[in-house]
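Line order of the protein sequences matches chains R and U.
Just so we're aligned, residue 1 is where the first sequence starts under my numbering, counting upward by one.
Just so we're aligned, residue 1 is where the second sequence starts under my numbering, counting upward by one.
In case anyone wonders, no lab produced these hints; they're calculated from the structure.
Mixed in with the good hints there might be a few duds.
[Stated by the list, open to error] Once the Cα atoms are required to be at most 25 Å apart in a straight line, the calculated DSS-like pairs of lysine-lysine come out as:
id, chain 1, residue 1, chain 2, residue 2
1, R, Lys76, R, Lys57
2, U, Lys77, R, Lys43
3, R, Lys149, R, Lys161
4, R, Lys111, U, Lys8
[What the hints assert, rightly or not] Anything over 10 Å on all C-beta distances counts as not near chain R; from chain U, calculated:
id, residue
5, Leu28
6, Ser46
7, Leu81
8, Glu84
9, Val85
10, Ile87
11, Arg130
12, Gln134
13, Leu188
14, Met205
15, Glu241
[What the hints assert, rightly or not] Reference excerpt, derived from the structure (chain R facing chain U, CB under 10 Å, subset only):
id, residue
16, Ile29
17, Gly30
18, Asn128
Beta carbons are placed, not taken as given, at the ideal position from N, Cα and C, and that holds for glycine.
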Amino acid sequence: MEIIVILGVIALIVLFLIAQYNRLIRLNIGVDEAYAQIEVQLKRRADLIPNLVESVKGYAKHEQSTFDAVVSARAKATSASSVADVAAADGMLTQALRGLLAVAEAYPDLKASANFISLQEELATTENKVAFSRQFYNDNVRSLNTAVKTVPTNFFAGFAKVAEREFYEVEDPQDRKAPQVTF
Amino acid sequence: MQAANRRKTVALLVGMAILMWCVVYAALAYFGGSGAGIVPIAVGISLITVWGSYYGSDKLVLTMTGAKLIQESDNPKLFGLIQEVIIASGLPMPKVAIVIDDAPNAFATGRDPEHALIAFTTGILEVMDRDQLQGVIAHELAHVANRDTLVSAVAATTAGAIAIISDLLTRMMFFGGRRGRDSNANPLALIASLIILILAPLAAMMLRSAISRKRESLADATAVAFTRNPAGLRSALEVLERDSTVVQQRSTAVAHIWIESPLDAKSVSKLFSTHPPIAERIAVLRAMESLN
């Protein structure tokens with residue numbers, strides 16, 4: 001009888017340990033997946049930019065400095081690798097794109113062209129996707145970091161090789177206030 | 001906000017269980033053993049009808065509402081908006097459908113997030129801007145994330161079983177009356193059980209509507225957690241409030257799944273309505289906006 005009770009208690013403890021370990025691993029994978037989503041959306045945005053610049057150029061030839069800003073920000077964004085670098089380049093590109101769309105405001109013909117309208121819609125949705133994937137990533141990082149720091153999961157963090165992760169913080173303070181981008 | 005609504009749902013579901021228990025108890029008190037035989041039959045009938053429709057809810061609702069499934073190429077803008085909220089919520093991409101109807105409205109269904117379906121009327125896609133539609137989509141996906149099809153199936157099953165039991169038992173009272181008349185049962189208890197049997201279906205319907213209203217408030221709160229933009233959903237609800245047209249198909253069976261109740265709110269009393277008053281929902285969202 002006692003043997004069964006003792007075995008039962010041991011089994012419960014083992015199950016508890018496994019659950020804690022798995023929770024950490026799951027949270028860590030969640031952060032990886034969320035980060036991959038940010039990269040997918042940033043890539044999508046980078047792919048949209050050449051088309052957008054071309055379409056604006058067709059109507060507004062004299063805005064070379066704005067185009068240069070967008071192109072160089074895009075180049076930086078595609079070459080960045082660490083979370084902090086990607087976030088910084090992302091913020092700069094958002095800023096440059098805002099400048100490009102502000103230029104477009106001054107050209108009614110451009111604003112009316114079907115190609116530009118559809119590009120604008122695609123850019124608007126991509127900007128929102130980028131913002132939401134950041135938000136989702138940061139939520140995941142928050143849960144992971146809380147688990148790494150709080151009892152009982154903190155005891156298993158070393159064993160599971162799971163550590164605190166870095167938040168994705170965009171430089172642009174305007175972005176942090178409102179994740180919505182409406183052009 | 002979300003936690004409070006969840007707690008209230010649990011309390012209401014517990015209330016439903018207590019009501020069920022009262023009905024069973026009343027049946028036993030009034031009819032003795034023969035009354036008890038009805039309980040498993042009623043629960044069985046209710047389970048089969050409700051859970052059949054729960055399991056196939058995505059397909060069933062399509063036929064009931066006349067919604068047509070669409071692909072990304074049919075409406076890239078709508079799909080873009082849905083993908084935004086999908087990314088914000090971490091849910092899998094649902095099936096998307098369109099109902100050809102000028103009244104602005106939308107709904108979500110499906111037994112789990114993998115089988116979710118969200119549908120929009122052509123009217124809502126016309127009258128709403130980006131932020132408003134995003135709010136509506138977030139509200140519908142919040143229903144999916146909160147498993148509201150499951151919650152309402154549980155509520156419907158219990159309410160259905162209670163209705164069947166009390167219906168059968170009140171019939172039995174007319175034909176043949178109660179067995180075990182010789183027992184020295186307390187007449188007060190008999191009267192009480194009779195009253196319970198008659199009032200129970202009404203109470204069950206009220207509880208079911210109350211659960212539905214709580215789930216609507218919860219979905220509004222979850223939607224804001226997804227988009228962090230209460231203003232979008234708030235102005236979408238204002239559009240719905242101003243709009244007086246209602247969806248053509250007015251079947252009460254699917255009334256609870258729409259974002260705005262398709263039944264005329266004035267004709268049903270507040271206790272039986274499946275949605276909280278839209279002005280109340282707007283006020284809650286406004287309060288959230290002022291917090292930001």
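Hint by hint, here is what the structure shows:
1. Distance restraint check for R:Lys76 and R:Lys57: the Cα-Cα separation of roughly 21 Å lies within the 25 Å cut-off, and the hinted pair is therefore satisfied.
2. A hinted pair counts as satisfied when its Cα atoms are at most 25 Å apart, and U:Lys77 with R:Lys43 qualifies at roughly 19 Å.
3. Note on R:Lys149 and R:Lys161: the hinted pairing holds, with a Cα-Cα distance of about 14 Å set against a maximum of 25 Å.
4. This hinted pair does not check out: R:Lys111 and U:Lys8 have alpha carbons roughly 50 Å apart, beyond 25 Å.
5. The claim that U:Leu28 lies off the interface holds: its Cβ sits roughly 38 Å from the closest Cβ of chain R, which is beyond the 10 Å cut-off.
6. The beta carbon of U:Ser46 sits about 36 Å from the closest Cβ of chain R, which is more than 10 Å, so the claim that it is off the interface holds.
7. With a least CB separation of 7 Å from chain R, U:Leu81 falls inside the 10 Å interface cut-off, contrary to its annotation.
8. Residue placement check: U:Glu84 does not keep its beta carbon more than 10 Å from all beta carbons of chain R (closest about 4 Å).
9. Its beta-carbon lying about 7 Å from the closest one in chain R, U:Val85 breaks the requirement of being farther than 10 Å from that chain.
10. For U:Ile87, the shortest C-beta to C-beta distance to chain R comes to about 4 Å, within the 10 Å cut-off, and the non-interface label is violated.
11. With a least CB separation of 7 Å from chain R, U:Arg130 falls inside the 10 Å interface cut-off, contrary to its annotation.
12. Chain R draws U:Gln134 into its interface by the beta-carbon criterion, the shortest separation being 8 Å against a cut-off of 10 Å.
13. The Cβ of U:Leu188 lies farther than 10 Å from every Cβ of chain R, with a closest approach of about 49 Å, so its non-interface assignment holds.
14. At roughly 39 Å, the least C-beta separation between U:Met205 and chain R is larger than 10 Å, which holds for a residue marked as non-interface.
15. Residue placement check: U:Glu241 keeps its beta carbon more than 10 Å from all beta carbons of chain R (closest about 22 Å).
16. Residue-level restraint check for R:Ile29 is violated (minimum Cβ-Cβ distance to chain U is 12 Å; threshold 10 Å).
17. For R:Gly30, the interface hint holds, since its Cβ comes within 10 Å of a Cβ in chain U; the closest pair sits about 8 Å apart.
18. Of the supplied interface hints, the one on R:Asn128 holds, with its beta-carbon coming within about 4 Å of a beta-carbon of chain U, less than 10 Å.
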